[in-house]
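Number of protein chains: 2
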Amino acid sequence: MRTSIATVSLSGSLTEKLTAAARAGFDGVEIFENDLLASPLTPEEIRARCADLGLSIDLYQPMRDVEAVPEEEFARTLRRARAKFALMNRLGADTVLVCSSVSPLAVDDDALAAGQLHRLAGLAEDFGIRVAYEALAWGRHVSTYDHAWRIVEAAGHPALGTCLDSFHILSRSSGPEDLKAVADIPGEKIFFLQLADAPLLGMDVLQWSRHHRCFPGQGGFDVPDLVRRVLRTGYDGPLSLEVFNDVFRQADAGPTAVDARRSLLMLQEEAGLGTLPERVVPTGIAFAELVTPDAEPVTALLGTLGFARTARHRGKPVELWEQGEARVLVNTGPADLPHSRRRSSGGTATDGTRLAAVGLESPDPAGAARRAEALLAPVLPRRRAVGDAPLDAVAAPDGTELFLCATHRPGLPDWRADFEDLPHPPAAAPGDRGGPVRIDHLSLTQPWHHFDEAVLFHRGVLGLEARESVDVADPYGLLRSRAVTTADGAVRIPLTVGAAPGDDTAHARHLALATGDVVAAARRFTEAGGRLLPIPANYYDDLAARFEFADGELETYRELGILYDRDAYGEFRHCYTRTVGRVFFELVQRDGGYQGYGALNAPVRLAAQHAAR
Amino acid sequence: MRTSIATVSLSGSLTEKLTAAARAGFDGVEIFENDLLASPLTPEEIRARCADLGLSIDLYQPMRDVEAVPEEEFARTLRRARAKFALMNRLGADTVLVCSSVSPLAVDDDALAAGQLHRLAGLAEDFGIRVAYEALAWGRHVSTYDHAWRIVEAAGHPALGTCLDSFHILSRSSGPEDLKAVADIPGEKIFFLQLADAPLLGMDVLQWSRHHRCFPGQGGFDVPDLVRRVLRTGYDGPLSLEVFNDVFRQADAGPTAVDARRSLLMLQEEAGLGTLPERVVPTGIAFAELVTPDAEPVTALLGTLGFARTARHRGKPVELWEQGEARVLVNTGPADLPHSRRRSSGGTATDGTRLAAVGLESPDPAGAARRAEALLAPVLPRRRAVGDAPLDAVAAPDGTELFLCATHRPGLPDWRADFEDLPHPPAAAPGDRGGPVRIDHLSLTQPWHHFDEAVLFHRGVLGLEARESVDVADPYGLLRSRAVTTADGAVRIPLTVGAAPGDDTAHARHLALATGDVVAAARRFTEAGGRLLPIPANYYDDLAARFEFADGELETYRELGILYDRDAYGEFRHCYTRTVGRVFFELVQRDGGYQGYGALNAPVRLAAQHAAR
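Chains as they are written, first to last, in this note's numbering: chain R, 1 to 613; chain W, 1 to 613.
Derived by calculation from the structure, the hints in this document are not laboratory data. As the structure is a computational prediction, the values presented were derived from the model and not from experiment. Where is the CB? At the ideal position from N, CA and C, for every residue including glycine. Treat the hints with care, as some may be off.
Unchecked claim - Here are the simulated distance ranges between beta carbons: (1) W:Lys316 - R:Glu296: 26 to 36 Å; (2) W:Arg531 - R:Thr275: 32 to 42 Å; (3) W:Asp52 - R:His610: 46 to 56 Å; (4) W:Asp551 - R:Glu125: 47 to 57 Å; (5) W:Gly128 - R:Ala490: 34 to 44 Å; (6) R:Glu296 - W:Ala295: 51 to 61 Å; (7) W:Gln207 - R:Pro363: 25 to 35 Å; (8) W:Asp52 - R:Pro293: 40 to 50 Å; (9) W:Leu206 - R:Pro381: 30 to 40 Å; (10) R:His610 - W:Gly25: 50 to 60 Å; (11) R:Val379 - W:Gln207: 50 to 60 Å; (12) R:Leu123 - W:Gly202: 51 to 61 Å; (13) R:Pro293 - W:Asp471: 24 to 34 Å.
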């Protein structure tokens, strides 16, 4: 189906918005009136610009408070409509949106509303324009889509139809029952379909709508269900995004437009319209890659953690450090980061040691890359080693490189083939003295403006599932964290966003290493000369008041700096190394199916990290 | 009365919070449990730190879901309480807060609740501690203050009282009727009073409470009324601020603490407790002062606008430019700005031409300065000229210098006495050819984190009234604007805040000059070689559709770039100069009592300014 986006959903001048929409692959736009009024381009120039960009102008909405008003008011509206319809002819836009009246002058009189809409449609017809009448969720007398449709039906004018808007419908809906009447509307009388999602905020609907809409799949509405219902009526107009969102108003238009179209591609797939390559869910974390101008501090830390340097890349300054199934690449090559976005707020810093790439074990790397590309992820040039092992990789919205790869798997090229083995001391047996055996999770700090985009990307492109969003109190502001994981927890990536744009660079990323015995692992680490993040004594006094521990257990945690949490499924014990550059490590012991990441302990950890700076 | 603040209301580490609270003059603190757990200081060290700073520890709140739970649960609570009471003894805190239970295990049984609270109070008494029981607005079975009081009364234990919290009470209140039962509580059984305001958001009360509380006077609750009622009961404990606010969590603790205490000082005045020096309301704008490293561009602009250089400061590189009652000082002295805050986000830029000071006509400059000082405004060193004219001045939260002064007023020192007249061409008669006759308003962009503080400051310190807050769509993000004015409009200062911290420096400030005939003034300006901000033709096509104008009127506006607005009271016509440094000028014509600032036109103006860069 054709896709469209309202210019109000994007940041910038009208020309910036149009360019971003076209580059992201939209077929059309709804032009928001303020964008047109503020533009130095004439309507003819805007029309030409859109045509050059391959964009149709699908909708214009200059009218307010049209129907069910006193005749004198309505006469003024017709006068205004005449001017706006002439403007639309200059623009080449053939559908005008009319939202249900919020005017205190409007009366509760469907017959009057239908009559006036009929007259407006008659005028529109003279200009070759169609009128799409939509119920605002906070309309004065008309606030539901079925009520709006009854008025359209009563008006009975060929140039008058209805516009359905997922926000206005779903924000008022208490269940699928409320959507049944969609089936009663003939598809050809649905002149337009506007789509937006929103988090379930339980707030005043007008403020909710104006500030907190988001792209489908980023909120809590079942937008696919509504789309399926609308399609069953025979509707064949565009799927158009109309999203009022304070953050999108500030963020760069280019990435927002890509995010928007990715959301529509996923929505079409969910609504049964899509032809996207199949989802390929990763089965584990193959490696994490650290880029650093100076390998010494971080490799010293890896050694202390029990990693051994096992191999070296055949063609690049990259070393492989291993311990059990945990693999870390240390890259001292130039940190040019061609695919990272430079955010206006400062962007991703390129200095110091940072977690820059993630290798995901994929049962079908090429298939996963095809899906990623179809979902607008920038596909990175295949890295080829002298041994010619291809590596499929895409860039995440924050610039992190995601390698879709396989380790020691029959029939699939092995990324390890690019590496030549180095002599190294015999590896500790997996789990020996609690040594880390695999990467439990990777915590990736996200740029401020694109958190919801990152979650949608990881769901759609990588086939991960998004867990609940949690607020975490950092001493200097609230953080928001949301994990994307596989169903079995083989891949866990908590995405975290800071309290303000400056936090892009303030918060380090981290690698959590799974161990079967965190106490042994912590002891081994400290005996090897490592220093764990000191945790305040007050924290342990509180643990003692909250839980009962075996004799000596709490004293051990206190001594080492191990944190403790418990959920309905099991227990979690974890501790942290100091930070190197913009990276630190966590040792974690998960028992009995614990699902979380110790969020309750995060404020204590964050304060300790601030104090340790 | 004693004043106190919860550490959760401030940003930073516990020690940073304590220091900020003490410096702002608070008598005590509520220590939030997470702040204690995350602190490397022992309870004894925290107690000593507070004592050194002159702060008492008025409240601790480590308990949740205490009452009306199964006996087995309650036994665990008592075990935990014992540890926490011991901790409180170490801290020297003698009041513990217990919020009404939200546990799914809690049952609707007041007798059980009273019995368990009685037992908890018995334990507390052994530690010399009092239990203050408070109804959370979203408590499972107890959500109103009168219900909480009935349970306390039924429990009948001397160590058990109630805690009243203005947010929990007023967020559920539909009017003064709901507050009548406050009078039924004996003052000595009100163990604590927590105060917070909040904007009237109509959202889920839990989210509202956790993210959007603000200091009294910054929201929509009638907090003074509640305080008066509580005081009438005989309550003599502290007035304590407990404010959960996402912005305060990020902002520097020092200014937030000052803002907090200023709010309590104003609240006490409103509640009839205060002994603040009387409010002195300014009667006009005496001058605006521009600080610039290079006077030429801005004085050229002033000349083109019709200003004449009339006088020079006797001791400093400051020139006075006048036209009618509009006076502008141009200061080429060193821009050291000692009182401006350097915000972490970048702060106020000191380069380029900027609007740095405002002279307010005051009927009693010394009295106004006394009030400002009592309300914690930094009093600036009196500027004395060779002629010895004293000038009272204070710094606004954003660093703008506010001079409290008088122009040509019998019995008051005249700031003009510091200036010596310069020969200049005969001034145009006021209003001649539409020439500006006075400063209509000064638009002051505010730093991101302290917008509510700025509004409170201008209300409390200067005695201005705050008007409605409006959202304005800039192409790159929403702005928020709120005017503070005198009742008669003689002083009008719209305060504006950008969409993100970076905007501190992105948006220029401006001076609006009142003229009786904006068309004449605009023509005079352009004939003198001035260039007005070009406004897109589309804007005028829209005006033509919305309003009827006299013949030729709209064409004149279109030619000159004049914008038009209308409200219930009258009409507004305005146009803008280009920006010099970080300042631009507006010419405005207000007719028939128009109250606003052309906010509807602001998106067009902002887009034009972005385009003109």
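Now the hints, each set against the structure:
1. With their beta carbons about 56 Å apart, Lys316 (chain W) and Glu296 (chain R) fall outside the hinted range of 26 to 36 Å.
2. Evaluation of the 32 to 42 Å hint for Arg531 (chain W) and Thr275 (chain R) yields a failure: the beta carbon distance comes to about 55 Å.
3. Distance hint for Asp52 (chain W) and His610 (chain R): a CB-CB separation of about 22 Å, inconsistent with the stated range 46 to 56 Å.
4. Between Asp551 (chain W) and Glu125 (chain R) the beta carbons are some 32 Å apart, a value that contradicts the proposed interval 47 to 57 Å.
5. About 54 Å separates the C-beta atoms of Gly128 (chain W) and Ala490 (chain R), a value inconsistent with the hinted range of 34 to 44 Å.
6. The hinted window of 51 to 61 Å between Glu296 (chain R) and Ala295 (chain W) holds, with their beta carbons roughly 55 Å apart.
7. The supplied range of 25 to 35 Å is broken by Gln207 (chain W) and Pro363 (chain R), whose beta-carbon atoms lie about 41 Å from each other.
8. Roughly 44 Å separates the CB atoms of Asp52 (chain W) and Pro293 (chain R), a value that falls within the hinted 40 to 50 Å.
9. The hinted window of 30 to 40 Å between Leu206 (chain W) and Pro381 (chain R) is violated, with their beta carbons roughly 49 Å apart.
10. Between His610 (chain R) and Gly25 (chain W) the beta carbons are some 26 Å apart, a value that contradicts the proposed interval 50 to 60 Å.
11. Our hint of 50 to 60 Å for Val379 (chain R) and Gln207 (chain W) is violated, since their Cβ atoms are close to 40 Å apart.
12. Take Leu123 (chain R) and Gly202 (chain W): their Cβ atoms lie about 38 Å apart, and the range 51 to 61 Å is violated.
13. Between Pro293 (chain R) and Asp471 (chain W), the C-beta spacing of about 45 Å breaks the proposed range 24 to 34 Å.
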